[in-house]
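Protein chains: 6
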Amino acid sequence: MNPPPLLNQPLSGNAMPRFGGVATMMRLPTATTATMAAGLDAAFVGVPLDIGTSHRPGTRFGPRAIRAESALIRPYNLATGAAPFDALQVADLGDVPINTYSLEKSVEIISGFYRDLLAQPGRSGRLVRPLTLGGDHTIALPILRAMAEHHGPVALIHVDAHADVNEDMFGERIAHGTPFRRAVEEGLLRSDKVWQIGLRGSGYAADDFDWPRRQGFTLVPAHEVWWTSLAPLMAQIRQAIGPETPCYLSFDIDGIDPAYAGGTGTPEIGGLTVPQALEIIRGCRGLNLVGGDLVEVSPPYDPTGNTALLGANLLYEMLCVLPGVPLR
Amino acid sequence: MNPPPLLNQPLSGNAMPRFGGVATMMRLPTATTATMAAGLDAAFVGVPLDIGTSHRPGTRFGPRAIRAESALIRPYNLATGAAPFDALQVADLGDVPINTYSLEKSVEIISGFYRDLLAQPGRSGRLVRPLTLGGDHTIALPILRAMAEHHGPVALIHVDAHADVNEDMFGERIAHGTPFRRAVEEGLLRSDKVWQIGLRGSGYAADDFDWPRRQGFTLVPAHEVWWTSLAPLMAQIRQAIGPETPCYLSFDIDGIDPAYAGGTGTPEIGGLTVPQALEIIRGCRGLNLVGGDLVEVSPPYDPTGNTALLGANLLYEMLCVLPGVPLR
Amino acid sequence: MNPPPLLNQPLSGNAMPRFGGVATMMRLPTATTATMAAGLDAAFVGVPLDIGTSHRPGTRFGPRAIRAESALIRPYNLATGAAPFDALQVADLGDVPINTYSLEKSVEIISGFYRDLLAQPGRSGRLVRPLTLGGDHTIALPILRAMAEHHGPVALIHVDAHADVNEDMFGERIAHGTPFRRAVEEGLLRSDKVWQIGLRGSGYAADDFDWPRRQGFTLVPAHEVWWTSLAPLMAQIRQAIGPETPCYLSFDIDGIDPAYAGGTGTPEIGGLTVPQALEIIRGCRGLNLVGGDLVEVSPPYDPTGNTALLGANLLYEMLCVLPGVPLR
Amino acid sequence: MNPPPLLNQPLSGNAMPRFGGVATMMRLPTATTATMAAGLDAAFVGVPLDIGTSHRPGTRFGPRAIRAESALIRPYNLATGAAPFDALQVADLGDVPINTYSLEKSVEIISGFYRDLLAQPGRSGRLVRPLTLGGDHTIALPILRAMAEHHGPVALIHVDAHADVNEDMFGERIAHGTPFRRAVEEGLLRSDKVWQIGLRGSGYAADDFDWPRRQGFTLVPAHEVWWTSLAPLMAQIRQAIGPETPCYLSFDIDGIDPAYAGGTGTPEIGGLTVPQALEIIRGCRGLNLVGGDLVEVSPPYDPTGNTALLGANLLYEMLCVLPGVPLR
Amino acid sequence: MNPPPLLNQPLSGNAMPRFGGVATMMRLPTATTATMAAGLDAAFVGVPLDIGTSHRPGTRFGPRAIRAESALIRPYNLATGAAPFDALQVADLGDVPINTYSLEKSVEIISGFYRDLLAQPGRSGRLVRPLTLGGDHTIALPILRAMAEHHGPVALIHVDAHADVNEDMFGERIAHGTPFRRAVEEGLLRSDKVWQIGLRGSGYAADDFDWPRRQGFTLVPAHEVWWTSLAPLMAQIRQAIGPETPCYLSFDIDGIDPAYAGGTGTPEIGGLTVPQALEIIRGCRGLNLVGGDLVEVSPPYDPTGNTALLGANLLYEMLCVLPGVPLR
Amino acid sequence: MNPPPLLNQPLSGNAMPRFGGVATMMRLPTATTATMAAGLDAAFVGVPLDIGTSHRPGTRFGPRAIRAESALIRPYNLATGAAPFDALQVADLGDVPINTYSLEKSVEIISGFYRDLLAQPGRSGRLVRPLTLGGDHTIALPILRAMAEHHGPVALIHVDAHADVNEDMFGERIAHGTPFRRAVEEGLLRSDKVWQIGLRGSGYAADDFDWPRRQGFTLVPAHEVWWTSLAPLMAQIRQAIGPETPCYLSFDIDGIDPAYAGGTGTPEIGGLTVPQALEIIRGCRGLNLVGGDLVEVSPPYDPTGNTALLGANLLYEMLCVLPGVPLR
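Protein chains in written order, with the UniProt record's numbering: chain H, 1 to 328; chain Y, 1 to 328; chain P, 1 to 328; chain W, 1 to 328; chain D, 1 to 328; chain G, 1 to 328.
Honestly, the hints are just simulated from the structure, not real lab data. Do not take every clue at face value.
Said to hold, decoys possible - With a Cα cut of at most 20 Å, we get these calculated DMTMM-like pairs of lysine to aspartate or glutamate:
hint	chain 1	residue 1	chain 2	residue 2
1	W	Lys105	H	Glu172
2	H	Lys105	W	Asp86
3	D	Lys105	P	Glu104
4	W	Lys105	H	Glu167
5	Y	Lys105	G	Glu104
6	P	Lys105	P	Asp116
7	Y	Lys105	G	Glu172
8	G	Lys105	Y	Glu167
9	G	Lys105	Y	Glu185
None of these values were measured; they are calculated from a predicted model.
Take the sequences, apply the hints, and build the full model.
Next comes the structure, spelled out in structure tokens:
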């Protein structure tokens with residue numbers, strides 16, 4: 001079975017060695033402005049921001065590293081049978097030109113970029129589904145703002161070591177530890193349809209977890225799912241959200257244990273395994289996933305590139321569960 | 001709930017960014033001699049020794065790296081609810097000034113330091129509970145000598161890839177592979193209350209494991225607990241030791257698999273997972289833990305700092321299970 | 001129990017520190033040509049080839065790094081009781097002098113080397129059992145050619161993320177992704193007695209897995225054995241192959257998850273754990289293992305040396321399950 | 001000759017091994033607020049800022065790394081005979097608590113810290129001379145603001161690959177490429193007494209160099225001094241500035257060639273050598289140096305720590321040329 | 001002064017942060033086949049080959065790393081005043097799709113690519129001048145073959161630690177140590193107009209240097225120019241070659257000392273300095289440079305990226321001395 | 001000209017790729033005890049000691065790394081014409097089995113090893129000339145003890161950042177900062193024929209340099225020879241020592257600037273260049289060099305291996321200036 005001739009295909013390893021060529025996401029054709037999203041089903045977008053981070057920097061190089069490592073990924077998903085490029089038109093839209101000297105202005109630039117992107121007519125009139133290469137987790141807020149403008153409040157599956165619901169950090173309301181508090185306050189989320197998976201570590205008080213619970217979020221601390229398949233949890237989540245509700249997947253790579261994903265800024269021990277991570281994403285098949293992000297890959301702390309490779313694969317797995325992807 | 005006003009608190013990330021400031025353990029106030037332990041409940045102490053190691057050196061930089069990475073840890077334990085700084089007076093006592101040219105003299109210096117430390121009147125008249133940042137495992141011997149002087153022979157929970165009960169190494173009786181043989185010979189341990197968890201690898205003969213069994217130790221080789229929660233084991237251990245017996249926890253980071261803890265000097269494949277490690281330490285709650293150590297972090301083999309971060313977290317978890325720590 | 005006096009023994013850590021001395025495999029005596037294999041039961045051989053790789057290079061330094069890290073391994077297997085040097089004569093035969101400018105010629109040189117090696121009278125008249133330090137996976141083909149010449153078609157246990165059964169790569173029929181397709185075509189394998197364990201990742205089509213199934217191979221994708229002990233699988237395999245059939249074990253380190261084995265050229269997420277890897281190899285005890293290889297360790301991507309250490313240990317575990325190895 | 005008994009001395013390597021102890025600058029006593037500067041002649045201050053950088057981040061860890069590597073430095077300067085601790089009271093004042101989410105607020109916090117610091121009565125009534133561990137070069141602006149408040153406009157010796165006189169960067173007027181433009185505009189500098197040494201690289205137009213020349217700056221591009229001792233240049237500078245004029249030394253480590261100082265964010269090839277750097281600083285003896293900084297050390301790009309070590313030594317050399325330092 | 005509106009310009013750091021966006025050479029527009037060279041004055045081309053190397057591999061990632069680091073370079077050369085983008089039409093043509101399993105076929109593919117490239121009508125009817133991002137030095141042969149086809153035999157300035165004139169390597173006539181022997185044999189060079197600069201190290205016999213001298217080459221061993229500006233040498237070379245003779249510049253980064261360029265495969269101590277390297281390239285202004293290459297950057301041995309940055313800058317400096325580049 | 005048939009030759013890169021084979025020094029035949037020195041002219045010996053170091057450890061891996069990197073060196077010295085293997089019988093004698101737990105015992109073992117080595121009848125009845133791969137500088141003392149026993153007090157050329165003449169370190173008289181003080185006290189040196197070249201850095205007092213001067217040593221601080229060829233100095237030294245006096249060359253790699261030799265334990269800025277280092281060693285031709293060492297290469301701080309490569313080359317250069325080496 002061959003894909004329709006007009007769909008973009010990843011450049012094959014038989015046409016150019018995988019280490020060769022300018023590095024785009026999955027070796028797809030690239031474009032560099034949001035307005036080039038017209039006609040797409042899904043788009044990879046980079047957001048090279050790291051000034052929202054509280055500890056180790058470096059996620060500004062996340063999109064570049066994820067693109068470079070994505071060169072290893074071929075089009076067909078051997079485990080699930082998904083063949084995204086058989087049916088979806090996908091491109092790499094390059095990076096959002098953030099202002100690296102101002103978090104506030106960067107947040108505006110990002111929401112503007114996604115607003116423009118979603119304003120384009122996607123393929124067959126559907127909204128484009130953006131999959132974002134972070135960047136630190138601050139970027140989830142402006143993306144959710146644009147999402148909610150077009151989709152209304154969204155359900156959220158949030159994988160992370162941290163709840164990211166701080167009232168503020170060093171007095172600032174915008175930072176990589178606050179996006180989901182702001183999102184609740186701004187009405188961007190359907191709080192009864194929010195799951196936070198992989199939480200752990202230390203905090204200032206129990207309220208770090210109590211506040212989201214009070215909003216209606218379901219919390220799944222990492223230590224409660226050690227030794228456990230997450231497939232049953234995902235079945236519950238699918239049932240609770242349903243196939244129509246617009247749903248966003250925000251995946252902080254530090255949700256996964258540092259053994260697998262050491263190249264990140266605020267690692268926490270005792271995290272999820274990669275099989276659990278794959279169960280989460282693969283368990284999203286059947287949801288109306290309107291977008292997703294993979295954030296907090298920090299290349300300066302990833303000497304082998306393997307954390308970026310993991311990030312690239314998780315983004316590919318997100319693509320594989322978008323609505324309309326056939327199985328072969 | 002706020003801690004009593006006179007207790008030391010880790011410097012908050014809202015007062016100084018986590019990457020800023022002189023790096024002390026958990027950003028606590030520091031002091032630099034054993035005699036400053038007066039009035040404390042617990043004390044972090046560094047022992048920057050690596051001349052007892054048989055292979056890769058570098059643990060001399062262990063305390064410095066553990067302190068640096070500990071900056072990420074906040075005061076409240078989200079998984080267990082422990083709030084150690086609500087009730088305990090804790091400080092970082094700096095490093096023991098070992099003699100890096102003489103293992104023998106260093107061992108004397110270390111036991112002297114801990115002897116002095118335990119001779120101070122701790123808070124409310126109780127002995128200070130030292131938590132040690134190693135350093136190679138040689139240091140367990142002089143620490144146990146001081147411990148036994150003040151507490152009598154102690155029960156021991158020993159996590160390690162290696163039994164460290166060699167008769168000698170290259171003809172030497174003091175080295176990082178011999179401390180627990182010496183401890184038995186010197187009567188520092190209650191040998192019927194000793195557990196060695198995580199053992200594995202290769203040796204010269206079965207006697208590597210037979211000798212400790214003959215002393216009454218309980219051995220838990222790693223491959224016997226693959227795939228298994230260690231919570232039940234810890235319940236047995238707690239019952240066997242009881243809540244009064246002075247108990248020491250000696251944790252060699254190489255007990256954990258190199259996937260999680262690659263920055264160490266004599267790594268062995270097939271080790272414990274971090275969830276198992278956390279179960280061990282958290283399972284010590286209820287014991288009369290009189291001290292503990294985390295040894296064998298070797299920063300030159302830890303390019304991301306993540307092994308040191310793991311070590312810092314394990315020391316924090318030890319603090320969280322000391323007698324008197326409340327849960328919130 | 002002491003080994004017979006004429007058997008080679010690894011240089012003891014009490015005779016020379018483990019970091020000292022010229023690095024041979026397990027600190028065994030070395031020889032540098034295949035014709036020196038006479039009188040041996042088993043031989044370690046390096047094949048420093050990496051020009052067959054499709055992505056990251058570096059396996060040319062694999063043998064050197066594996067030898068260096070093997071210095072940590074002592075003769076007796078504490079988990080299984082195996083004492084290979086009590087009964088087997090083993091040496092390090094050095095490296096095959098491949099031609100690094102020509103894959104085609106290198107393949108000829110390698111098969112010639114193994115042909116010569118197997119032509120030597122081994123100890124007690126039995127064929128020498130070579131254990132190979134790779135090198136990229138291309139080398140399995142010339143080794144299997146030599147094996148089949150002397151043993152006839154062999155059973156195969158193949159651990160890998162990739163099936164390595166491509167028809168060709170960039171139009172070439174010899175590369176690290178094709179050896180087992182060629183081996184089937186050339187009649188080197190008993191295809192009904194082939195297991196491929198750990199497969200995963202992405203491909204061009206389902207045929208990547210279908211072709212081997214059509215040959216009679218049994219495929220064990222990684223995601224089907226997450227959370228699972230592989231001991232039962234190995235029991236099945238032992239029964240299916242039987243104790244007499246010549247069996248070869250080809251172990252690509254990328255079969256194991258990058259968390260444990262990040263120093264490799266084409267890592268794939270979601271792989272086997274090291275306990276599973278050990279179960280596979282230890283589960284080969286009882287088979288007529290006529291040789292084995294450990295391939296795809298790439299030192300430039302292994303900053304701690306821990307992937308090479310894992311490779312060294314897996315080769316040691318292979319030695320421990322060769323026919324004739326006693327348990328103590 | 002011994003120093004007066006009340007002067008702080010670096011902790012000796014004979015009292016604590018150099019790798020031991022909590023890492024302060026040159027192992028000096030530490031204090032953590034600007035108000036503790038009272039009674040000092042000179043103070044080391046860290047400014048862990050990196051959000052002003054245009055390319056690679058990481059200078060937020062500069063102060064920590066410089067402190068750690070400074071442990072190697074002993075009190076007496078063997079090349080020049082300077083013995084700073086014989087006559088000056090020096091301490092490490094810790095880090096300025098910058099707001100890592102806002103460049104604008106950080107600049108305010110920094111100038112406030114230095115303003116407070118200079119408002120303290122220094123030893124013998126003289127103003128404290130701060131030596132700053134950066135941090136990116138943005139920090140020079142707020143430091144110069146505080147300097148000019150207390151000293152009036154200052155002469156400036158500025159070592160750098162870049163002139164740092166951009167009108168703006170990405171539309172922002174405050175960033176690591178603009179401090180000296182702002183300083184001129186705000187009247188903080190005596191523009192006829194400004195030298196910029198080591199300039200090179202690429203730019204948008206010749207104006208990058210023409211603007212400073214129009215202000216009266218003297219520019220010394222790196223390529224004009226290849227192969228050349230800078231001692232004669234420094235003699236000219238000393239004569240031009242004179243011994244009374246308050247003079248500030250701002251040293252960007254990227255003024256030096258990446259061969260010596262690779263751990264920085266915007267390296268430029270063809271730079272100064274370390275002997276030239278030492279000639280510049282040693283050539284400041286005789287000037288009224290009222291402060292200095294060493295900026296742009298980025299530890300994530302400094303795997304050996306040697307760039308931080310260079311930075312630590314250059315700060316020590318600055319201390320050695322402060323007014324009042326005796327020669328032995 | 002603004003460039004003509006139709007000329008490609010590097011993406012400004014004020015339009016996209018330097019760490020953002022898909023990494024092309026100097027952030028220029030990219031195209032991916034040789035036939036897209038039409039209308040260009042100069043073209044950057046990557047050749048990701050490393051199978052011709054005799055020791056450390058990794059140059060296959062050279063083009064990708066050079067592109068990534070080139071993001072720091074702005075359009076105007078501050079030292080020389082060159083403004084290449086004011087007058088030349090330049091693009092990044094992507095990589096030559098070499099066959100990584102066959103050196104022989106790769107050499108054919110490369111010469112075919114350059115033959116096609118030179119067959120395109122360049123801007124104003126002149127031949128395009130390719131500047132190549134290597135790759136190992138083997139690639140110079142196929143490039144010179146295409147060059148000679150279009151230009152006839154060329155003069156050559158060859159910077160390198162090694163003469164690369166071996167008769168063969170391991171019996172092979174094509175490898176990274178033989179290209180200039182082959183080029184002489186095939187009549188691709190004007191041997192009386194060949195300079196080899198930076199030679200040093202060890203060899204099998206004096207003939208390593210005698211053979212090129214017998215061909216008429218001028219050899220400049222590194223140790224003969226220690227401590228020396230190369231500007232006078234370049235004046236001699238310019239005079240000897242003259243302004244019309246087609247001249248090719250082949251620059252092996254290992255000509256430069258490993259202190260500056262450690263990320264390479266066969267480093268030799270005692271090499272050229274970067275100022276000397278810049279003098280060589282800048283000294284080519286006035287020659288009819290018809291192409292150039294920068295080879296042997298090996299990213300796995302370049303942990304900071306600084307060798308790739310050096311390579312990027314040297315390629316930029318080559319661009320700056322092409323005929324027709326104005327000075328501002 | 002071919003060497004006599006019985007002389008050992010480095011394994012050619014045409015017989016085995018340079019990255020292949022068990023790594024011995026320069027790929028020479030190896031032997032593992034001092035008594036195998038019989039019949040040799042010169043011998044490479046490793047001393048894997050690092051417990052004498054005051055700061056960063058790791059030199060225990062120095063011999064292994066130097067051997068690995070020495071694979072790049074070919075037999076003939078292109079710069080000087082020296083062809084050592086044409087006339088000298090040379091082998092790699094492996095490592096001295098030091099006791100890594102006791103500095104004192106190690107010193108005894110080392111002097112015993114060299115005493116035995118020199119007691120062997122060398123080739124043609126001359127004493128073997130050992131060239132040592134360190135190891136930290138402590139090892140110079142036991143080597144000099146053995147040297148003086150056989151040769152009487154020796155002249156000394158000592159290249160180093162540090163004079164290594166401390167009275168003691170942390171109260172110990174044997175450590176890497178004391179060997180030459182002990183050597184003077186024990187009468188091992190002809191103090192009027194001692195040169196210390198490259199000295200610099202910081203100390204406790206001027207006496208660090210005054211003491212050696214009082215013994216008659218000639219000191220050449222690094223900053224006095226910046227910008228200068230050392231050929232004239234070496235001419236003076238040759239004249240002062242004369243061609244008969246037994247002379248020892250002790251070369252601490254930290255004598256060279258960290259830009260070239262960053263992989264060492266106590267780096268000091270502002271050091272010698274590699275051309276100067278080569279001038280020193282090449283300037284020893286004509287002296288009666290009875291042995292030499294290259295110490296303080298620390299592989300954990302040498303991520304590229306380039307410092308070890310430099311060390312290997314300097315040892316090769318020492319071999320090239322031994323008496324009896326012909327020029328071709």
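Consistency of the hints with the structure:
For the hint pairing Lys105/W with Glu172/H, the CA-to-CA distance comes to about 11 Å; that is within 20 Å, so the pair holds. The straight-line distance between the Cα atoms of Lys105/H and Asp86/W is roughly 51 Å, outside the 20 Å bound, and the hint therefore fails. Straight-line distance between C-alpha atoms of Lys105/D and Glu104/P comes to about 12 Å, which keeps the hinted pair within the 20 Å bound. Note on Lys105/W and Glu167/H: the hinted pairing holds, with a Cα-Cα distance of about 19 Å set against a maximum of 20 Å.
A distance of roughly 13 Å separates the Cα atoms of Lys105/Y and Glu104/G; the hinted pair therefore holds under the 20 Å criterion. Annotation: proposed proximity of Lys105/P to Asp116/P holds, straight-line Cα distance about 16 Å (limit 20 Å). The hinted pair formed by Lys105/Y and Glu172/G meets the criterion: a straight-line CA distance of about 11 Å does not exceed 20 Å. A hinted pair counts as satisfied when its Cα atoms are at most 20 Å apart, and Lys105/G with Glu167/Y qualifies at roughly 19 Å.
A hinted pair counts as satisfied when its Cα atoms are at most 20 Å apart, and Lys105/G with Glu185/Y does not qualify at roughly 25 Å.
When each numbered hint is compared with the structure, violations occur for hints 2 and 9.
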